[in-house]
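Going down the list, the protein sequences come from chains P and G. Here the first sequence is numbered in the working numbering, starting from 98 and rising by one per residue. Here the second sequence is numbered in the working numbering, starting from 98 and rising by one per residue.
No lab work stands behind these hints, which were simulated from the structure alone. Ideal placement from N, C-alpha and C gives every residue a C-beta, glycine not left out. There's no promise every hint is true.
List time: in silico BS3-like cross-link candidates among lysine-lysine, alpha-carbon distance up to 25 Å [as the list claims (entries may be wrong)]:
(1) G:442 to G:480
(2) P:503 to G:107
(3) P:242 to G:439
(4) P:503 to G:442
(5) P:107 to G:242
(6) G:442 to G:503
(7) G:155 to G:128
(8) P:399 to P:349
(9) G:206 to P:159
(10) P:442 to P:453
(11) G:385 to P:99
(12) P:247 to G:99
(13) P:540 to G:493
(14) G:152 to P:247
(15) P:205 to G:385
(16) G:206 to P:155
(17) G:205 to G:154
(18) G:267 to P:540
(19) P:503 to G:206
(20) P:154 to G:503
(21) G:503 to G:453
(22) G:242 to P:247
(23) G:159 to G:128
(24) G:503 to P:206
(25) P:242 to G:99
(26) G:439 to P:267
(27) G:480 to G:439
(28) G:349 to P:99
(29) G:152 to G:99
(30) G:385 to G:349
(31) G:349 to P:242
(32) G:493 to G:540
Using C-beta positions, here's what the derived DEER-type ranges look like [as the list claims (entries may be wrong)]:
(33) P:98 to G:376: 37 to 45 Å
(34) G:215 to P:416: 53 to 61 Å
(35) P:224 to G:376: 46 to 54 Å
(36) G:380 to P:110: 52 to 60 Å
(37) G:197 to P:480: 16 to 24 Å
Residues from chain G that keep clear of chain P, each with C-beta distances beyond 10 Å, as calculated [as the list claims (entries may be wrong)]:
(38) 101
(39) 103
(40) 111
There are 2 protein chains.
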Amino acid sequence: MKIRIIDLLKTTTYNINVSVNGWVRTHRQSKNISFIAINDGSTVHNLQIVAEHEKIKKDFLKLVTTGSAIRVDGMFVLSTGNQQHGEIIAQNIVLYGTADPQEYPLQKKEHSLDFLRNIAHLRMRTNIFGAIFRVRHNLAFAIHKYFHEKGFFYFNTPIITTSDAEGAGKLFEVTTGDNQDFFGVPANLTVSGQLEGELGALGLGAIYTFGPTFRAENSNTYRHLAEFWMVEPEMAFIDINDNMDLAEDFLKYVIRYAIETCESDLIFLNNTVNSGLIERLHSVVNNKFVRLPYSQAIEILKQSNREFEIPILQGMDLNSEHERFLVEEYFCCPIIVTNYPKEIKAFYMKLNEDDKTVRAMDILFPQIGEIIGGSERESDYLKLRQRMEELGMNMKQLWWYLETRKFGTVPHAGFGLGFERLVLFVTGMSNIRDVIPFPRTPKNANF
Amino acid sequence: MKIRIIDLLKTTTYNINVSVNGWVRTHRQSKNISFIAINDGSTVHNLQIVAEHEKIKKDFLKLVTTGSAIRVDGMFVLSTGNQQHGEIIAQNIVLYGTADPQEYPLQKKEHSLDFLRNIAHLRMRTNIFGAIFRVRHNLAFAIHKYFHEKGFFYFNTPIITTSDAEGAGKLFEVTTGDNQDFFGVPANLTVSGQLEGELGALGLGAIYTFGPTFRAENSNTYRHLAEFWMVEPEMAFIDINDNMDLAEDFLKYVIRYAIETCESDLIFLNNTVNSGLIERLHSVVNNKFVRLPYSQAIEILKQSNREFEIPILQGMDLNSEHERFLVEEYFCCPIIVTNYPKEIKAFYMKLNEDDKTVRAMDILFPQIGEIIGGSERESDYLKLRQRMEELGMNMKQLWWYLETRKFGTVPHAGFGLGFERLVLFVTGMSNIRDVIPFPRTPKNANF
C-alpha cells in the first residue's frame, strides 16, 4: 500500500506492509543497521527507515545519500526506543535518483535564507520552506472556503488592462515587440482588480478576486515584490461598518484555519524562526480589533511624547513607525483606522458628510503594519464625477466604471489583502521573498 | 432581517419580516398593485415583490424601472396564485439608484451575446451571465476542494518569467518603458506554470497551480483568448497511468460538483442555450473514459471511410475534426489518447522504451476537443539533456530544471487544464469570450 508520510504517521495501526516515497534527509550508519530519515513534502516530520544490512546491502546504501530519492517497501512498526514513534523496517529499497554529495547544495548543515533564495528551485526540499508553502496553501484554501461559504463568487478580473486603477504605482507595460499594437491601445499589468471587481459585485452581489498584481517600483526591500497576489472581496448592499465586520471576521477565520490545520508546521516555525509566533496568532484571533477614526489616531500619536522620525501632523499619511506604535505599544492588538482625509486616499472612496474625510478602513497588524486596505465606495454618480474631475482623471477611460453609478447604483464596499503579507504574518517570516515560491524583484526574475 | 434571495427562496418559513436588496428585472402594474421582480445576483431566480399602491405611492413606483436598484422591507409570504411560490408584500421600498429607461441598455427584450460582450461591465446583471459566472465560481471552488482533499498544495508559479516553457506560442513582453531592464534580462508573461510547478512537486510531493497564462497569438476565434486561466497539477512518485486515473477522477469530481451545486443555473442554461447540456454532463460523469494509444487512434480514423479535410497519416497531430469524430461518433464518450510520437510533443515528456513515442496523454471531450494535456515527465537527466540538445534548446536558461533531474530525481507526472474550456463545457456556451468576465483578444482589452 502506497501511503504519504503524513497519513502514515497519523495511523496507530502497526505491523502493516507499506510503500513510502521520499527524499533522504539524513543517513546514519551503525554496524549492522542504517537509519535513514526521509521526507516526501507532505509534512515537516521525517519518517525513519531502518535498513538492516543483512537485507539491504551496504554497497547499495552508500548511494542513498542526503538528497537522493527512494522508495521503501517494508513493515510499519512502533519503534522500540525511548521516544516511541512509527518507523519502517525496510524489506526493499528502490533508488530513484542519487544526489552527489560533492554537488548537491542542500547538505545537512544549516543554510542561510539568503543562500536558499538563490536555489529557489530546491528550497522547497527544506523543512522551513516546506512549512512555509504548506501554510501558504492552507491560507489560500481558507480564503476560498470562507468566501464560498459566505456566498461570494470567485471572479477573475483581467491581468492585462488598459487603465491604471488608482495611480497606485508604476506599471509594467505589455507588448508583443514586433507589434506594439496587439490590443489596439497601450496595455499594462494590473495593479488591482478592484474596479473590475466592483462590476462583478454590482451584478452578482458579492465577489472576490484572488490573483496576481504588479508594481514596477524599483524598491529593493524586504516588504516589496514586483509580482504579488491580492485578495479583493467586493460586496453590494453593504456599508463601511459591514465591511469592517467582514474584514475582521475574515482575517480571524483564515488565521484560525491555519492554527488548526498547520499545527506541526507552525510549531516548527515558532521554534526555529519566530518564537512569539503562535502566541501572536492566538492573540489576533481572540481579541476584538480596535476601531479608531484617523483623527483620534493622530491625537494619540501627538500625545505619545514619542519622537518619531516623521513628526505627527493632522492630514499626514501614517507611516510604518506610527502604525507599529499604535498596534504594538499603545493598543497591543490589531486596529482598524477609519475616516481618513480624502486627500491621502483613492478617488473611489465614499465621501463622508463632512466633505473632508472618506469611508476608508486600513487594518493594521503587529509586525506587519497595514495588512488590509478598504473602503465603502462612492456610489453617487455626481460626487464620483466631481472627485475624478478634481483629480484630473481621464473619465472617458473609465466610462464603464461611471456607468455603474448611473444605472442602478447601490451602496457597496470592499477591501484588498496582500496575500504575501498575510503569509508573512502567519509564518513569522520577515522577508517577503521567502513566502512566495519565485519572487520577482528588481534585477531578479530567476526560475 | 437582511437576507439574500437564494437563501430566502430556500426557506419554507413564511410570514416573516425580511429586508431584501436587488436590481429590478421587470415591473408590471395593475390597477392597485405593482409586481416587481428583483434579482440580487445570488441565484437565477427572481423574487417577486408585491407593492400595493395604498402603501407604496404610484408616483414613487414610476422610478422603479428595469435596472434600478432597491431595498424592500416587507413580509415574506406564500403567494396565492396557481403556481405557489414565496413573494414579498412590500411595507417600504428604498430606491438606491435609478436606471433611465432611455439610457439603460439592458431592457426587457432579449439581447445578442455579441451585444452583451460590448457591455461586459453590465452583462453580469443578466440571467445568462449570472448563471455562467456562478457556475464558473463553483467549478473553481471544486478544483481547490478536490486538490486540497487529495493532499496537493496550491503553488503560485511566476507570471513574469524569463524562459519560454515549451515554445508553446508567441509571448507577451513585459517592460517598464523608461527602463527596459527592470529584471536585468528580457521578461515575458508565462505560457504555462508547469516547469516551475515541477520544482514544487519535487519538494512538496504534489502541487497544483491555478493562475493566468498568456498567448500573444493573433487568433480571432471563438476558442482563443490572449489571457486565460490554467490549472496545472504536478505530482511526484506517480507514472502516466496514475496520472490518467487522477485526471479522469478530477474531471468527474468537478463536473459532478457543478451538477450538484448549480442545479438551477444549469437548468436555465440547458433550457436557453444548449438543450443537450445536462444529459452530456451526466454522460461524462457516468462513463469510463476510453484509453487509446495514438497509433490505434490513427488506425480507427484511417478505417473510418470518412473524408476528413486533413487526411490521416501516422505521425500527424490530431486535428479538431479527427478528435470530434473519435469522441462524438466512434466512441461516444471522452477519450484519453496516449503514447504520441515524440516529434509532435514537448521536450519534457518521458520517452517510451520504443524511443519513438512519449508518455503523453490528451483528454478529448465532446464539443470541446482537447480539454486536458499532460504527461509523465522525463526524469532521466541524460535523456532529458539529449532531447533538449536535439531540439536546440538553451540549456543554460533551464539549468534549474535540469538540476531537479540531477539531484534526487523521481518519476513524476502532471497535466494542464484550460479552465475556460472546462467552463465552456459545463455551461454549454460556445464562445470562450462569454465564460471569462473580461476577455482579452486581439484589438480588445476593454474594461
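Original post:
Checked against the structure, which of the hints given earlier come out wrong?
Top reply: Of the numbered hints given earlier, those the structure breaks are 2, 3, 4, 8, 9, 14, 15, 16, 26, 32, 34, 36, 38, 39, listed in rising order.
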